[in-house]
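Generate coordinates for the entire structure from the input sequences, incorporating the hints supplied.
There are 2 protein chains.
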Amino acid sequence: MILIKIDKQSTVPVFRQIIHQLAFLIDGGVLKVGDRLPASRMLAAQLGVNRATVYRAYEELWAAGYTESRPGSYSVVRARMTMNVDPGPPGSLIDWAGIGRESRLVGQSLTFAGRKLFQGEIINFRPLSPDSRLMPVDDFRKCMHDVLVKEGASLLQYGDTFGYRPLREFLVRHLQKHGIQVSVDEIMLTNGSQQSLDLILRFFDKPGLKVAVEQPSYSQFINLLDFYQAQVVGLPMGENGADLAEVDRIFVREKPAFFYTMPNFHNPLGISTSQEYRERLLKLCETHRVVLIEDGFEEEMKFFGKAILPIKSMDSKQVVIYLGTFSKVLFPGLRVGWIAADKACISHLAAIRQIVDHSGNQLSQAAIYKYCISGYYDLHLKRLHREYRKRMQAALKAVREFIPEIIRCTKPSGGYLLWMKMPDDRIEESVLLEKLSGAGVSVSPGQLFFSEKQTIPAFRLSIAHLDETEIRLGMERIGRVLSEVYGR
Amino acid sequence: MILIKIDKQSTVPVFRQIIHQLAFLIDGGVLKVGDRLPASRMLAAQLGVNRATVYRAYEELWAAGYTESRPGSYSVVRARMTMNVDPGPPGSLIDWAGIGRESRLVGQSLTFAGRKLFQGEIINFRPLSPDSRLMPVDDFRKCMHDVLVKEGASLLQYGDTFGYRPLREFLVRHLQKHGIQVSVDEIMLTNGSQQSLDLILRFFDKPGLKVAVEQPSYSQFINLLDFYQAQVVGLPMGENGADLAEVDRIFVREKPAFFYTMPNFHNPLGISTSQEYRERLLKLCETHRVVLIEDGFEEEMKFFGKAILPIKSMDSKQVVIYLGTFSKVLFPGLRVGWIAADKACISHLAAIRQIVDHSGNQLSQAAIYKYCISGYYDLHLKRLHREYRKRMQAALKAVREFIPEIIRCTKPSGGYLLWMKMPDDRIEESVLLEKLSGAGVSVSPGQLFFSEKQTIPAFRLSIAHLDETEIRLGMERIGRVLSEVYGR
Numbered sequence: 001m002i003l004i005k006i007d008k009q010s011t012v013p014v015f016r017q018i019i020h021q022l023a024f025l026i027d028g029g030v031l032k033v034g035d036r037l038p039a040s041r042m043l044a045a046q047l048g049v050n051r052a053t054v055y056r057a058y059e060e061l062w063a064a065g066y067t068e069s070r071p072g073s074y075s076v077v078r079a080r081m082t083m084n085v086d087p088g089p090p091g092s093l094i095d096w097a098g099i100g101r102e103s104r105l106v107g108q109s110l111t112f113a114g115r116k117l118f119q120g121e122i123i124n125f126r127p128l129s130p131d132s133r134l135m136p137v138d139d140f141r142k143c144m145h146d147v148l149v150k151e152g153a154s155l156l157q158y159g160d161t162f163g164y165r166p167l168r169e170f171l172v173r174h175l176q177k178h179g180i181q182v183s184v185d186e187i188m189l190t191n192g193s194q195q196s197l198d199l200i201l202r203f204f205d206k207p208g209l210k211v212a213v214e215q216p217s218y219s220q221f222i223n224l225l226d227f228y229q230a231q232v233v234g235l236p237m238g239e240n241g242a243d244l245a246e247v248d249r250i251f252v253r254e255k256p257a258f259f260y261t262m263p264n265f266h267n268p269l270g271i272s273t274s275q276e277y278r279e280r281l282l283k284l285c286e287t288h289r290v291v292l293i294e295d296g297f298e299e300e301m302k303f304f305g306k307a308i309l310p311i312k313s314m315d316s317k318q319v320v321i322y323l324g325t326f327s328k329v330l331f332p333g334l335r336v337g338w339i340a341a342d343k344a345c346i347s348h349l350a351a352i353r354q355i356v357d358h359s360g361n362q363l364s365q366a367a368i369y370k371y372c373i374s375g376y377y378d379l380h381l382k383r384l385h386r387e388y389r390k391r392m393q394a395a396l397k398a399v400r401e402f403i404p405e406i407i408r409c410t411k412p413s414g415g416y417l418l419w420m421k422m423p424d425d426r427i428e429e430s431v432l433l434e435k436l437s438g439a440g441v442s443v444s445p446g447q448l449f450f451s452e453k454q455t456i457p458a459f460r461l462s463i464a465h466l467d468e469t470e471i472r473l474g475m476e477r478i479g480r481v482l483s484e485v486y487g488r
Numbered sequence: 489m490i491l492i493k494i495d496k497q498s499t500v501p502v503f504r505q506i507i508h509q510l511a512f513l514i515d516g517g518v519l520k521v522g523d524r525l526p527a528s529r530m531l532a533a534q535l536g537v538n539r540a541t542v543y544r545a546y547e548e549l550w551a552a553g554y555t556e557s558r559p560g561s562y563s564v565v566r567a568r569m570t571m572n573v574d575p576g577p578p579g580s581l582i583d584w585a586g587i588g589r590e591s592r593l594v595g596q597s598l599t600f601a602g603r604k605l606f607q608g609e610i611i612n613f614r615p616l617s618p619d620s621r622l623m624p625v626d627d628f629r630k631c632m633h634d635v636l637v638k639e640g641a642s643l644l645q646y647g648d649t650f651g652y653r654p655l656r657e658f659l660v661r662h663l664q665k666h667g668i669q670v671s672v673d674e675i676m677l678t679n680g681s682q683q684s685l686d687l688i689l690r691f692f693d694k695p696g697l698k699v700a701v702e703q704p705s706y707s708q709f710i711n712l713l714d715f716y717q718a719q720v721v722g723l724p725m726g727e728n729g730a731d732l733a734e735v736d737r738i739f740v741r742e743k744p745a746f747f748y749t750m751p752n753f754h755n756p757l758g759i760s761t762s763q764e765y766r767e768r769l770l771k772l773c774e775t776h777r778v779v780l781i782e783d784g785f786e787e788e789m790k791f792f793g794k795a796i797l798p799i800k801s802m803d804s805k806q807v808v809i810y811l812g813t814f815s816k817v818l819f820p821g822l823r824v825g826w827i828a829a830d831k832a833c834i835s836h837l838a839a840i841r842q843i844v845d846h847s848g849n850q851l852s853q854a855a856i857y858k859y860c861i862s863g864y865y866d867l868h869l870k871r872l873h874r875e876y877r878k879r880m881q882a883a884l885k886a887v888r889e890f891i892p893e894i895i896r897c898t899k900p901s902g903g904y905l906l907w908m909k910m911p912d913d914r915i916e917e918s919v920l921l922e923k924l925s926g927a928g929v930s931v932s933p934g935q936l937f938f939s940e941k942q943t944i945p946a947f948r949l950s951i952a953h954l955d956e957t958e959i960r961l962g963m964e965r966i967g968r969v970l971s972e973v974y975g976r
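Quick note, the sequences are listed as chains A and B, same order. Numbered by the numbering used here, the letters in the first sequence go through residues 1 to 488 in order. Numbered by the numbering used here, the letters in the second sequence go through residues 489 to 976 in order.
Please note that the accuracy of each hint is not assured.
[What the hints assert, rightly or not] Covered by chain B, per the in silico footprint, the following chain A stretches (three or more residues, Cβ under 8 Å):
hint, stretch
1, 153–162
2, 194–200
3, 217–226
4, 263–269
5, 361–375
6, 385–398
7, 436–447
Worth flagging that the hints you see were computed from the coordinates, not collected in a lab. Heads up, the beta-carbon is just placed ideally off N, CA and C, and yes, glycines get one too.
Below is the structure:
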């Protein structure tokens with residue numbers, strides 16, 4: 001029997017305590033490769049906790065590469081993996097892991113290690129960033145050269161906390177194309193949307209903070225909420241968004257500080273909500289004075305059908321904080337995103353930003369500005385659209401051809417993402433993902449995108465880094481596995 | 489009589505409540521230009537708070553440009569200034585300032601507005617970053633071009649959270665020159681030291697966190713501690729560092745989580761501690777298991793006398809977290825710094841960093857790497873040394889020539905900073921600074937670098953952006969004002 005001690009008074013969630021202690025036992029060699037973990041039911045009874053809690057811990061241990069799932073739903077310790085968080089060699093006088101446990105950090109740091117079971121080229125449906133093969137490096141290099149020649153010395157000095165002003169002015173004009181009317185004081189550049197979200201959480205942070213979140217939602221946002229110990233109020237997503245009557249009830253009952261939504265090409269679902277839905281959602285936020293965080297991370301990536309305006313374009317009462325980024329269409333490595341919101345809100349966020357990391361990389365912001373005003377950006381977008389329209393068409397065609405009809409798959413009108421949800425729980429998600437991996441495809445586990453344990457397996461597919469041939473081959477492999485489990 | 493309501497139960501410090509309400513009254517026009525604020529003694533009595541609290545609020549209002557000090561030590565509302573934090577127009581449904589008040593943010597955001605009273609060229613002793621006139625822009629441009637040609641597409645993708653590996657490997661070798669032995673796993677690149685400090689505070693953050701800090705210390709670190717509501721245990725700095733017997737007592741009595749120190753060219757004092765002091769301080773940290781944060785922000789800027797090794801070079805027990813940066817010798821605008829510490833510590837910090845902003849600007853990291861390994865960096869440092877040695881000599885000479893002997897001024901052996909402390913409180917700091925401003929010199933207020941109210945005026949001088957002629961002219965102006973107040 002494994003000895004695990006749970007401290008229910010601790011601020012560290014119980015499932016994280018379990019993860020940490022099991023990881024410790026595995027790292028320390030107490031549990032060896034091939035050893036079976038106790039059945040989740042048993043361990044739950046032993047610890048006096050909910051079975052779902054143990055289940056979640058097991059899932060994360062699996063995702064971190066500590067265990068494999070075996071049919072019959074037990075977990076065994078797998079061969080060694082890499083791990084971000086080092087428990088600390090005995091060489092240090094300081095108990096770093098102890099500090100980590102007391103801080104709000106524990107468990108954030110386990111990363112997916114993966115293991116290559118498949119002999120051959122793995123088709124990787126996981127990365128969500130523009131294909132390196134489509135990156136306009138040469139044009140950008142010219143822009144970088146230009147700004148260094150013309151204003152190098154000043155760009156290499158400390159910059160404005162709000163970001164390089166000409167780029168903010170460009171964004172003011174650019175957002176007008178999407179119907180958004182903001183002034184230059186209402187935009188702050190950030191180091192990408194991850195920082196935008198972190199700054200927003202710092203601004204709203206207080207004991208007992210409640211946040212309404214779509215389920216599923218962006219996985220790193222869920223991790224961030226976990227880090228801030230925010231209370232997550234989940235709003236299940238249907239094919240047309242959340243149930244607005246339910247949103248209304250939740251707003252009244254829970255009074256969340258804000259609602260985080262991705263209206264276009266939702267991550268991970270790939271779906272977009274309708275114009276009418278957006279208007280009604282905004283109205284609800286206004287009525288209940290709930291701030292709406294609109295993440296427009298792929299605003300520009302609409303390539304089928306008519307464009308639908310972002311919610312921010314209708315925001316006459318200034319309740320929407322809009323997030324944009326260059327990471328999903330241009331250069332993720334430059335870390336340039338932005339927040340557009342009420343001037344008072346932006347000035348508070350800038351004040352926080354100043355003590356967090358002072359300011360962003362001014363040189364990159366200036367080079368991107370140059371890239372945009374030289375007309376390169378519009379050309380690049382056109383090229384991306386042409387390319388990804390073909391890819392998405394190939395993906396949807398392959399879904400019809402290879403994926404059993406019983407599997408629900410979204411039909412995006414843009415962006416890079418599709419979502420497949422199984423009809424029932426006859427197979428565990430981790431087992432299904434191992435099978436897919438064995439068949440030569442890598443996908444993102446559905447569970448990552450939920451704050452609560454899910455019983456029905458699902459997974460996210462990104463076509464960002466794959467061409468049409470690769471997409472078709474990958475879908476064929478997925479289809480084979482799914483047909484095996486669910487029949488044709 | 490002014491109506492101010494103080495909530496003593498609030499987590500917002502009382503002095504911030506005062507600031508906020510007075511600023512509100514001024515912004516709203518209730519208090520008009522020229523209006524006198526109540527005497528601090530009176531307001532303190534009225535509110536039932538300590539006079540020092542009111543005093544601090546008044547100081548910050550002054551620093552934010554809301555008021556001017558008049559002889560006889562009362563404050564009047566001055567003509568309009570700019571302010572970072574906008575109280576929010578009536579246009580928004582959301583009370584952004586209210587959210588700001590509930591979060592830990594209030595007051596962080598007031599910035600120094602300044603006002604040009606002097607007719608002519610102001611000599612600016614405030615900026616702490618390399619002189620733009622000395623920036624090696626052309627060499628850097630070549631490096632940037634090179635890395636974009638050779639590995640542009642991969643550098644523009646999402647990078648490693650730990651930072652561009654070749655630069656980390658370079659730093660491993662480079663730190664050996666300072667006697668520091670670390671492996672590549674013990675270094676993480678950050679967006680500058682401000683982010684390094686923020687990540688460290690996030691790691692240590694817990695209710696009741698205690699931090700030992702030199703007094704005075706880096707002003708933005710004090711603001712950060714305030715934001716995290718950390719309890720500051722101040723250690724007064726003498727000419728040879730803090731009193732180590734006192735450090736010992738404080739470590740025993742207060743058990744701080746860590747001690748933050750700047751052994752070389754201390755900000756704001758400009759002084760460096762001795763080899764013996766460093767050894768004894770490290771020993772104390774080991775004995776009491778207090779983590780030592782060593783900020784080596786100007787490690788490379790020693791240009792008089794013998795180099796003294798950083799404390800990290802003696803850190804056999806792994807209790808030191810060492811911070812470095814390129815911002816004070818190369819390009820602040822690129823936001824590249826680093827943390828060197830025990831592997832377990834670094835892996836925890838990286839885990840936090842991943843959810844905070846994912847990773848840094850990989851392209852800039854690669855271009856700096858190229859700049860360093862091409863030999864440009866060493867040449868640039870030599871040039872900086874040559875230049876700043878002359879400037880510092882000019883500054884010290886001008887101090888002897890123009891500054892009354894009764895004023896205590898530090899004698900740095902490197903870096904950019906000098907510190908002047910007045911012999912008594914016959915003049916208020918804010919009044920003194922107004923006088924200096926009127927005489928055509930801008931300096932950094934001493935109070936900024938303390939977490940507690942100081943009665944003896946002091947100020948920081950940076951020679952970073954001034955050449956020898958400017959330094960001499962500026963010192964002459966300072967000397968004139970000080971002689972007027974304190975006699976020759």
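| request: Kindly indicate which numbered hints from before are broken by the structure, ordering the numbers from low to high. | output: 4, 6 and 7
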